[in-house]
Amino acid sequence: MGVIKSARPVVIGLEVHLQLNTSSKLFCSCSTDYIGRTPNTNVCPICLAVPGTLPIINDRAVALGARMGLGLHCEIQNYSNFHRKNYFYPDLPKAYQITQYELPIAVGGYMDIEGDGGPKRVRIHHLHLEEDAGKLVHPTTDGRMTGAAYSLVDYNRGGVPLSEVVSEPDMSSPAEAREYVTRLRQLARYLDVSDGEMESGSLRVDANISLSNADGSLGTRVEIKNMNSFKSIERALEYEIGRQNKVLASGGRIIQETRLWDDSEGVTRSMRNKETASDYRYYPEMDLAPIVITDEEIEKFKEDIPELPWEKRERFARDFGLSKEEISVLTEQKELAAYYEGVVNAGAPPERAANWVRMEVLRVINEAGCSITGFGVKPAVLAELVRKIENRELSNTVGKDVLDLLVKDGCSLEDAINRSGASSAKLTGSSLDGLIATVMEANADVVGVIKSGQDKKGGKAKFLHGLIMKESRGQADPKEAAEALSRMLEL
Amino acid sequence: MKMSVDREITLRMARAAQIRVAPEDVDHMMDSINDILSFCALVGDLDCTGTPDFTWRMKKRPSRRPDITRDWEDRERFKEKAPAIDGNFFRVPRISSEV
Numbered sequence: 000m001g002v003i004k005s006a007r008p009v010v011i012g013l014e015v016h017l018q019l020n021t022s023s024k025l026f027c028s029c030s031t032d033y034i035g036r037t038p039n040t041n042v043c044p045i046c047l048a049v050p051g052t053l054p055i056i057n058d059r060a061v062a063l064g065a066r067m068g069l070g071l072h073c074e075i076q077n078y079s080n081f082h083r084k085n086y087f088y089p090d091l092p093k094a095y096q097i098t099q100y101e102l103p104i105a106v107g108g109y110m111d112i113e114g115d116g117g118p119k120r121v122r123i124h125h126l127h128l129e130e131d132a133g134k135l136v137h138p139t140t141d142g143r144m145t146g147a148a149y150s151l152v153d154y155n156r157g158g159v160p161l162s163e164v165v166s167e168p169d170m171s172s173p174a175e176a177r178e179y180v181t182r183l184r185q186l187a188r189y190l191d192v193s194d195g196e197m198e199s200g201s202l203r204v205d206a207n208i209s210l211s212n213a214d215g216s217l218g219t220r221v222e223i224k225n226m227n228s229f230k231s232i233e234r235a236l237e238y239e240i241g242r243q244n245k246v247l248a249s250g251g252r253i254i255q256e257t258r259l260w261d262d263s264e265g266v267t268r269s270m271r272n273k274e275t276a277s278d279y280r281y282y283p284e285m286d287l288a289p290i291v292i293t294d295e296e297i298e299k300f301k302e303d304i305p306e307l308p309w310e311k312r313e314r315f316a317r318d319f320g321l322s323k324e325e326i327s328v329l330t331e332q333k334e335l336a337a338y339y340e341g342v343v344n345a346g347a348p349p350e351r352a353a354n355w356v357r358m359e360v361l362r363v364i365n366e367a368g369c370s371i372t373g374f375g376v377k378p379a380v381l382a383e384l385v386r387k388i389e390n391r392e393l394s395n396t397v398g399k400d401v402l403d404l405l406v407k408d409g410c411s412l413e414d415a416i417n418r419s420g421a422s423s424a425k426l427t428g429s430s431l432d433g434l435i436a437t438v439m440e441a442n443a444d445v446v447g448v449i450k451s452g453q454d455k456k457g458g459k460a461k462f463l464h465g466l467i468m469k470e471s472r473g474q475a476d477p478k479e480a481a482e483a484l485s486r487m488l489e490l
Numbered sequence: 000m001k002m003s004v005d006r007e008i009t010l011r012m013a014r015a016a017q018i019r020v021a022p023e024d025v026d027h028m029m030d031s032i033n034d035i036l037s038f039c040a041l042v043g044d045l046d047c048t049g050t051p052d053f054t055w056r057m058k059k060r061p062s063r064r065p066d067i068t069r070d071w072e073d074r075e076r077f078k079e080k081a082p083a084i085d086g087n088f089f090r091v092p093r094i095s096s097e098v
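Protein chains in written order, with numbering that gives the first Met the number 0: chain X, 0 to 490; chain E, 0 to 98.
Quick caveat, the hints were computed from the structure, so don't treat them as lab data. Possibly wrong hints are sitting among the right ones.
Okay, derived cross-link-like pairs now, DSSO-like style, lysine-lysine, Cα gap no bigger than 27 angstroms in a straight line [claimed, not checked]:
1) X:450 x X:469
2) X:299 x E:59
3) X:245 x X:230
4) X:459 x X:399
5) X:93 x E:80
6) X:311 x X:301
7) X:134 x E:1
8) X:323 x X:333
9) X:455 x X:469
10) X:323 x X:399
11) X:301 x X:333
12) X:134 x E:80
13) X:230 x X:134
14) E:78 x X:93
15) X:387 x X:461
16) X:469 x X:407
17) X:333 x X:407
18) E:59 x X:301
These figures come from a predicted structure and were not determined experimentally.
Please take these sequences and the hints and turn them into a complete structure.
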């Protein structure tokens, strides 16, 4: 994990918005499926703020907010309520956003991450529910707001439920901030709370960053918005650390403000002076009854929590004896972890199955640009293939060809093995010796070096072994080939 | 206790509400706000002895809506009534803070 150098200690806190996996909006029955939809089609009198309409809270949004809170070890509140956050910006037609303010649904909690200096606990201040805003289009030639004669609004996204997770300022570097968001997204996905796609905007991150003063007190914080990828989180924070260090080193002072990250230019730009809470004129939302969650309901939410990433990691280490790196890759997505477990449960040895899922299955998926859910080879089929490799009925090389055939043609394992040519007589005994002799003859100089005792590290012998395996097109057993080669080299 | 605002707070309120106030109108706006605050103070002077608190009495858990989608078929009427439309978008004045 990279650590950026700063003259003063860096203090970072993050606010992460997650779009919740609901079908309908937070306070009305309009669809949340707005990507690619004709503007202003997912709208109704409630989300367009027609006078006289009343919002009603979405039950699933409450459940998902509580679920995420539990995943973050927060305390779920029996009683929470909503406020109106007033601001004059036309992305919400009411001129205020309905959001939780004084009494959020979940408070406290933490998220454990791999910090710069080892395991680190990032405290969670709270998690609250709120509605998303609509989208504004500023029709200028450069796409910026400045200079636009007017703006266009699409309210399809307005009212989509969000949970905002507010951390304490416990992160000390851009890399830690990125790691925190990565773990948070993984948790949201494990819990089916959100798809966490940054590209489509269902996960958005605002960062508060400051440099500590010489006496150790917190410096003036700056908020950074518009970071649309994991990479941009790191880049924006790195840039901001450099900018603030430069300002302070030249005797200047940091202004409390909101800055926008410009990804193409690689800089942050001042957006506006930071509004103070009182400028938003929060006051209770009298159109909505409070959210009351009973203890029984909280217990039910707890019972519904599936195995969480860190629990799965522990179990994989305990049950399958895999390395930390293997576990990290296999448990990154719960669907991949489930696939791996399916392969093992179908009889494949855990370690070899881990290798195959990590290396080959992910290779095929990446090449095809699909996800594990779209991967056509069933776990039981891969388990059988892995078992055959383990039993040396097939070599690794042939196994890869077979897997490619399974994916490409969707045929049965038997067909794929037949078509790979591996089912024909295996190269063994005198046939194998014949092939080795041919390779040795064609590489007499290498053989000479080995026989003269100059190949102390065995690199030349490995080279020959590689050639034999290549020439055999995977039909020779690697171990048998190595033994035969040693015998024929008289080693 | 009666509250009041001065010119500085009046201008800050205008900024927060994004209302452009001409210099010659500031005093009038300040007087109007102070009139409202005076009325609030008057209401506050009422003797409410014996009047029960206005509280939210919840006999059961407030209802929630099931997560079911429903199309609003009459949405074209919103466009008909909107002050300005541009294609399928609502058209709004440029953002004043960006001017």
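Going down the list of hints, with the structure as the test:
no. : hint          : in the structure
1   : X:450 x X:469 : holds, 22 angstroms
2   : X:299 x E:59  : holds, 19 angstroms
3   : X:245 x X:230 : holds, 23 angstroms
4   : X:459 x X:399 : holds, 26 angstroms
5   : X:93 x E:80   : holds, 16 angstroms
6   : X:311 x X:301 : holds, 17 angstroms
7   : X:134 x E:1   : violated, 42 angstroms
8   : X:323 x X:333 : holds, 16 angstroms
9   : X:455 x X:469 : holds, 24 angstroms
10  : X:323 x X:399 : holds, 25 angstroms
11  : X:301 x X:333 : holds, 19 angstroms
12  : X:134 x E:80  : holds, 20 angstroms
13  : X:230 x X:134 : holds, 24 angstroms
14  : E:78 x X:93   : holds, 17 angstroms
15  : X:387 x X:461 : holds, 24 angstroms
16  : X:469 x X:407 : holds, 23 angstroms
17  : X:333 x X:407 : holds, 25 angstroms
18  : E:59 x X:301  : holds, 23 angstroms
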